[in-house]
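Chains V and B supply the protein sequences, listed in that same order. According to this note's numbering, the residues represented by the first sequence are 1 to 358, in order. According to this note's numbering, the residues represented by the second sequence are 359 to 716, in order.
Hint data in this document are derived by calculation from the structure and do not stem from the laboratory. What you were told as hints is all true, and nothing was included just to trick you.
In silico negatives: residues of chain B with every beta carbon more than 10 angstroms from chain V:
#1 M359
#2 L407
#3 G408
#4 R411
#5 D555
#6 F616
#7 G695
These stretches of chain V come out as covered by chain B in the derived footprint (C-beta under 8 angstroms, 3 or more residues):
#8 77 to 87
#9 91 to 98
#10 116 to 127
#11 153 to 167
Built from N, CA and C at the ideal position, the CB exists for glycine as well.
There are 2 protein chains.
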Amino acid sequence: METISVALGSRSYPIHIGASLIARSELYAAHLGPAAAVVTNSVVAPLYLGAVRAALERAGARVIEVLVPDGEQAKQWSTLDRVLDALLAARLGRDATIVALGGGVVGDLAGFAAAIYQRGVHFIQVPTTLLAQVDSSVGGKTAINHARGKNMIGAFHQPLTVISDVATLDSLPERELRSGLAEVIKHGAALDQPFFDWLESHIERLLARERDALIHAVRRSCELKAAVVAEDERETGRRALLNLGHTFGHAIEAATGFGPWLHGEAVAAGMVMAAELSARAGLLARPDAKRISALISRAGLPIRAPQLARERWHELISLDKKSAAGRVRFVLLDAIGRASLRADVDPRLVDETIAAAA
Amino acid sequence: METISVALGSRSYPIHIGASLIARSELYAAHLGPAAAVVTNSVVAPLYLGAVRAALERAGARVIEVLVPDGEQAKQWSTLDRVLDALLAARLGRDATIVALGGGVVGDLAGFAAAIYQRGVHFIQVPTTLLAQVDSSVGGKTAINHARGKNMIGAFHQPLTVISDVATLDSLPERELRSGLAEVIKHGAALDQPFFDWLESHIERLLARERDALIHAVRRSCELKAAVVAEDERETGRRALLNLGHTFGHAIEAATGFGPWLHGEAVAAGMVMAAELSARAGLLARPDAKRISALISRAGLPIRAPQLARERWHELISLDKKSAAGRVRFVLLDAIGRASLRADVDPRLVDETIAAAA
Chain V
1 METISVALGS RSYPIHIGAS LIARSELYAA HLGPAAAVVT NSVVAPLYLG
51 AVRAALERAG ARVIEVLVPD GEQAKQWSTL DRVLDALLAA RLGRDATIVA
101 LGGGVVGDLA GFAAAIYQRG VHFIQVPTTL LAQVDSSVGG KTAINHARGK
151 NMIGAFHQPL TVISDVATLD SLPERELRSG LAEVIKHGAA LDQPFFDWLE
201 SHIERLLARE RDALIHAVRR SCELKAAVVA EDERETGRRA LLNLGHTFGH
251 AIEAATGFGP WLHGEAVAAG MVMAAELSAR AGLLARPDAK RISALISRAG
301 LPIRAPQLAR ERWHELISLD KKSAAGRVRF VLLDAIGRAS LRADVDPRLV
351 DETIAAAA
Chain B
359 METISVALGS RSYPIHIGAS LIARSELYAA HLGPAAAVVT NSVVAPLYLG
409 AVRAALERAG ARVIEVLVPD GEQAKQWSTL DRVLDALLAA RLGRDATIVA
459 LGGGVVGDLA GFAAAIYQRG VHFIQVPTTL LAQVDSSVGG KTAINHARGK
509 NMIGAFHQPL TVISDVATLD SLPERELRSG LAEVIKHGAA LDQPFFDWLE
559 SHIERLLARE RDALIHAVRR SCELKAAVVA EDERETGRRA LLNLGHTFGH
609 AIEAATGFGP WLHGEAVAAG MVMAAELSAR AGLLARPDAK RISALISRAG
659 LPIRAPQLAR ERWHELISLD KKSAAGRVRF VLLDAIGRAS LRADVDPRLV
709 DETIAAAA
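Excised from the complex, chain V in its bound form (with noise of 0.2 angstroms):
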């Protein structure tokens, strides 16, 4: 097991990676209170559930298990509301912790209920997905969706621990495993091009799941993503890099109605987009800019995006929520590994990157 610090002062937490992590009853030991919810799907249930209410029972909590539906439409206030009763209907108390176990969408939904129930309680992410471990599950974000935009009413939430469990990704599906390899590119191709690199050459063996090759993979995103968060917890500056191909992808994501496109395929598409408008804007090699969507591609993930009229990417994007006094900032790339937030992108650029990209 490797274990990463996310350094937040007296809200830092640990990130426990390696294999056959989520029977450890000693890892969430430390983290209970009287009682605990374990926020899950109908998916993940059948398969890790029983480990993780064990664990937690010998532990010494109570556990309460609350069910929510598969697939990003959970992320709705609807949703939500079932799990906030649910909490209430069991008498969970302010002590009460939350477990989130799951993928990207259980962990958001479950983080705000958490943020939200009496006003804030603990909350523990059980990642079961790549995207999850390697990027959801890190550094506190926690939201649900609107019908105007994704991810448009949240709170910033951090977890007491992470207990990334490799072995989780075995009953992945083929398609998840690559949406949750568009988050890891994204942190080498942002922040750390020798990362990149190692993909470039890995890439076979993590569509493979070999288990040394996730856990490096993991390992290094979440040090990258944690140094991030550390220095820019609510992403005023810094922080926003992490969004690289966002902008795009969240455009992807609203016009297709949140589900068509699994979030990592909007991401890998966006950032296809993002690695065509840095190059036109004269910051990124043309070079740099097709090893990316080279690699993407051999991920499985898209490179091109649905076909969108120009106004309604306009629309889209202008919802952002990198915007600051209606100026929509983009996260492009001087060069592979080194992102950087622009708001003085020529307008006419983006057009051009919109009408390539389809």
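With the hints as your guide, set chain B onto chain V.
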């Protein structure tokens, strides 16, 4: 104008108290982004929205208005969702400021919207009821209600400033003025015996809305509350003392469906019960319990609770957010001005208090 500071490190903020403050542009200016959304209700809007809007515009902000219904019923998800939808429809970014103009309901609702809109935006409180000026606008508690309990869903989200204009109290209905006095009396009874003494000799002047008396009552209440909040922002200890009368009071509000009893009326009857329980537990001298109910009565507030079955009382009380490890904790009085949190209350004394309350 008098100014008090709530000392919370980098999140410290000033509370301005005086007459005719809402039109003073400079009080908002330092805390404004490029856009501001004023959340208010249909009763307050015709009286004060024009002045606040003009002040914000003079300070350079684009202003949008969001009207919500009057009354406690507005503290629910469907209203919150309409506020969030209006913010998104107006394309407000993370650099926007939400301004709550109104009483406790508007403040709690708008504050919670500010806490969760795009994971948190800036927030200014402009309380226009006595209850909001002496209590709910200070300390960062925001929430909506849930069918299973009041304020069960919410967040701690501190404002950037509070602008308490006692001139706005001239338009306050008599019954709401009295409801606010319940929280003023609570501050004296729980934390400051000299202030309680002052209230005994000034209650008629407060009911007559003498401006100097109101300013003193608001200022002293804010000072007392600010000191407690600075010490224990997230209510892990001492802050719970501000809930004197609230465990019983919330039960009364929940049992009667949130609305028929104003919050302050329920807290008033709840304080009488808390004093009674304190006396039965041998903590508070009988004459002091009588002083409390006498002052509450002189303020025109109820000293008797509605008739409820014993089981219903216990069911509602057990949902209290102060519960820890399944035990209800009561705020009791050792003396006037000296409250303490007790987890060891004999259930028979609670039953006797309930039986004597209606």
